[in-house]
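Protein chains: 2
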Amino acid sequence: MAKNGKDKDKIFKPRPISGFLEWLPEVRLVEQKWLASIQDAFESYGFCSIETPSVEEIEVLAAKGGDADKEIYGLRRLAAEPGEEDGGRLALHYDLTVPMARYVAQHFGDLVFPFKRYQMQRCWRGERPQEGRMREFYQCDIDVVDMGEVSLHFDAEIPAMTLDVLSRLPIGPVRLHMNNRKILQGFYQGLGIEDVVGAIRIADKLDKIGHDGVIEGLTGELGLAQSVASKCVELASIQTEDASFADEVRAFGVDNELLEAGLEELTFVMLELAHLKPGTVVADMSIARGFDYYTGTVYEGKLVDYPDFPTVFAGGRYDNLVGSYSRQKLPGVGISIGFSRIFSKLVKEGRVEIGPMCPTEVMVACLPGSARSEVAATARTLRERGLKVEMYHEEKSLKAQMKYASRKGIPYVWFPANVEQSEHEVKVMETGEQAAADVETWTP
Amino acid sequence: MAKNGKDKDKIFKPRPISGFLEWLPEVRLVEQKWLASIQDAFESYGFCSIETPSVEEIEVLAAKGGDADKEIYGLRRLAAEPGEEDGGRLALHYDLTVPMARYVAQHFGDLVFPFKRYQMQRCWRGERPQEGRMREFYQCDIDVVDMGEVSLHFDAEIPAMTLDVLSRLPIGPVRLHMNNRKILQGFYQGLGIEDVVGAIRIADKLDKIGHDGVIEGLTGELGLAQSVASKCVELASIQTEDASFADEVRAFGVDNELLEAGLEELTFVMLELAHLKPGTVVADMSIARGFDYYTGTVYEGKLVDYPDFPTVFAGGRYDNLVGSYSRQKLPGVGISIGFSRIFSKLVKEGRVEIGPMCPTEVMVACLPGSARSEVAATARTLRERGLKVEMYHEEKSLKAQMKYASRKGIPYVWFPANVEQSEHEVKVMETGEQAAADVETWTP
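If you're matching them up, the sequences are chains A and B in order. The first sequence maps to residues 1 to 444 in this note's numbering. The second sequence maps to residues 1 to 444 in this note's numbering.
Think of the hints as simulated: they come from the structure by calculation, not from any bench. The beta carbon of each residue, even a glycine, is placed where N, CA and C say it ideally should be. Fair warning: there could be bad hints in the mix.
Ranges between beta-carbon positions, derived for each pair [what the hints assert, rightly or not]:
no., chain 1, residue 1, chain 2, residue 2, range
1, A, Pro444, B, Lys208, 47 to 53 angstroms
2, A, Ile209, B, Lys33, 25 to 31 angstroms
3, B, Gly192, A, Arg385, 34 to 40 angstroms
4, A, Arg385, B, Pro444, 24 to 30 angstroms
5, A, Ile209, B, Glu420, 53 to 59 angstroms
6, A, Ser167, B, Ser37, 27 to 33 angstroms
7, A, Ser167, B, Asp292, 30 to 36 angstroms
8, A, Ile209, B, Pro16, 23 to 29 angstroms
The calculated DSSO-like cross-link candidates involving lysine-lysine, where the alpha carbons are at most 27 angstroms apart (straight line), are [what the hints assert, rightly or not]:
no., chain 1, residue 1, chain 2, residue 2
9, B, Lys329, A, Lys10
10, A, Lys33, B, Lys33
11, B, Lys33, A, Lys399
12, B, Lys33, A, Lys396
13, B, Lys403, B, Lys329
14, B, Lys33, A, Lys403
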């Protein structure tokens, strides 16, 4: 509002802010349903909700290291006085994993382990504007953290749960691609590669730069022999829907303890997931998931019907993430669903069925000749019976009221008894049928 | 995680951030229930959800004017390069009213009017740290915005809805205090006061500085006659539970059109709310709600059982809020529930009943002698039947498993059939009773 007379006519014309999503009510209604469905599914496994502040201390975010700090949005109090702390040590979180790790360390004594939590919150990344990336987005995370060690059964339950969760959304089948970091590390070590991290980083680009590109990188950048580089690429091409991947890897004849441990772990997890529908789970030696805190099983989820879509979920096992904030050994395993990334892409491509603009089931019309207090009482009674009920307040024509209900996608319009009409009547908007109804017993 | 060997042992010990709430899982579970209950209630009136980005352009926030900009948290990209726009034109919203007004202006052509929306989001205020105020908090808002004018029926429906919403929470009775800005403005104008805004601002401090303080302010600061100042204070002391306030005001003999319009509006709203339980609604001439964008009815909600608590909700009618962003005339009326303020105060005072740590209804135990795949199948079957089910994964003693269930507050523990026990059994944790149960038919 204008501060004074001079500015009275000043209008600030709003425009969308690049990277920050905002939906119309009819899309938001679908988004809410999807989020509620995910939450229900998480809770059906007994996971508890935590919600952390939107901000963390910059030192907490930085403790994880890596390039993440480049994408952080810091906060500053606009009205900070000179010398006053302006909130400059605070920044918006860029994922939910770091806040969860900090939470576990901070509240350690008040939690029960294994600690199973889900968390559905917005995250922020200060991506460069020109990249057109999302700067605010929902993630839906599940993690299990335990003291000392986490049962390997969770390495199977976490992705099974994720697949179950996603099967409740209309996004078609989802395929889980799974690997184990120990396989990659052990295999590379067994081949005598010194810069294992560097080699994995290059091999991880397989789907972007192709086989020849990876071989060029491994021989050129790292100076590996052609035969060694070839083996790395061949390893990455192994994909099996059962535990036979292990024999394919062993056939290379690479002898390494870590490799063998990784093969055993992944075999165990594959067998625990054998009850899932065939084709749902793939042991995929090309999955590396960067190279920061994962130490065992790693996951990536793909939408089968949309092969060009980004990863729908990702995660893995970490032995030392909470260790940045606590001397306790608190390993964990978790998965993060990139909710907004998937939802917004599907919406923008017109692949999400959009329904009404509001949750209303019944609109109670108010026509001349009706006693307003009775109309209001009708709406209250229907509402007390658990229905979602709007009352039309404006004194407008029947036509205007019907147009309102129709545009908003309200399925039923209720006409209370009035001087001209002794019974209540309900109109079904889809068919146009109208019939007498009892306010105490009617159901949609 | 450490970036290199040197930092390996560096631990960043996390601590709470002043002004940013974070709950343990058992409190969060209650918070979720409360928020869900509010959402259900909003939807039972057919209000649609919108969710706006956490940020607005600073110009949008500033367009509302007033002192609000002092409390804004601006964003800056920590990794911004010299000359690059660092997000400096963006700031976190400090309420949900301004974002709603901006949303309506921006999406005007895609909305149906009257536009009824609810919005439950976090807001941020960069309060000075030493004040110990909340810097991140949930608000739950409802507003109706219409083209040209908003039916006065909404002035009654909005607070009725709010009272209904709050009656579903265990916070005891809530009393609505209601006034109309036109009454204050008209009365003051009718008394010949020139600086009406200034006078209302002083009178608004009645409960802080008392009658004498207000009179001192009005006579001293504004130079009003003692008799005029007295009338202002007398007006503010009028409180009635029915529409009789109007006669009490008229008894002053102040003649003013705006005053009369305000009395008529408030009378109308009081009568529309006459169906509510006696004592729930008070026409209260001391309510002013600052003096920024409200132009008609104004509301304040108080917890009857906690008279020292801050306002639980507040709001009013505004004729020109959306006008900061659009040339359309889009008046509205709305209420904002200060969710976190109330919830956190009740929690901290121990007045909220805290239950279990997790939503789990049944924990399926896994004991030696059980085939793991059958245990897992039991958990899946119960889950498919709609129950919230955890499976215990660690190979630990019965005692350890029972301790886990007990500490988390899980009400039932399931023992699948195994080599020693031919039937499934369920233990009721509260009573210790254990009996045979059928996985296909058992209910809690």
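Outcome of the hint check:
| no. | hint | verdict |
| --- | --- | --- |
| 1 | A:Pro444 x B:Lys208: 47 to 53 angstroms | holds (51 angstroms) |
| 2 | A:Ile209 x B:Lys33: 25 to 31 angstroms | violated (50 angstroms) |
| 3 | B:Gly192 x A:Arg385: 34 to 40 angstroms | violated (54 angstroms) |
| 4 | A:Arg385 x B:Pro444: 24 to 30 angstroms | holds (26 angstroms) |
| 5 | A:Ile209 x B:Glu420: 53 to 59 angstroms | holds (58 angstroms) |
| 6 | A:Ser167 x B:Ser37: 27 to 33 angstroms | holds (28 angstroms) |
| 7 | A:Ser167 x B:Asp292: 30 to 36 angstroms | violated (50 angstroms) |
| 8 | A:Ile209 x B:Pro16: 23 to 29 angstroms | violated (46 angstroms) |
| 9 | B:Lys329 x A:Lys10 | holds (14 angstroms) |
| 10 | A:Lys33 x B:Lys33 | holds (17 angstroms) |
| 11 | B:Lys33 x A:Lys399 | violated (40 angstroms) |
| 12 | B:Lys33 x A:Lys396 | violated (39 angstroms) |
| 13 | B:Lys403 x B:Lys329 | violated (63 angstroms) |
| 14 | B:Lys33 x A:Lys403 | violated (36 angstroms) |
In the structure shown, a violation is registered for the earlier hints numbered 2, 3, 7, 8, 11, 12, 13 and 14, in ascending order.
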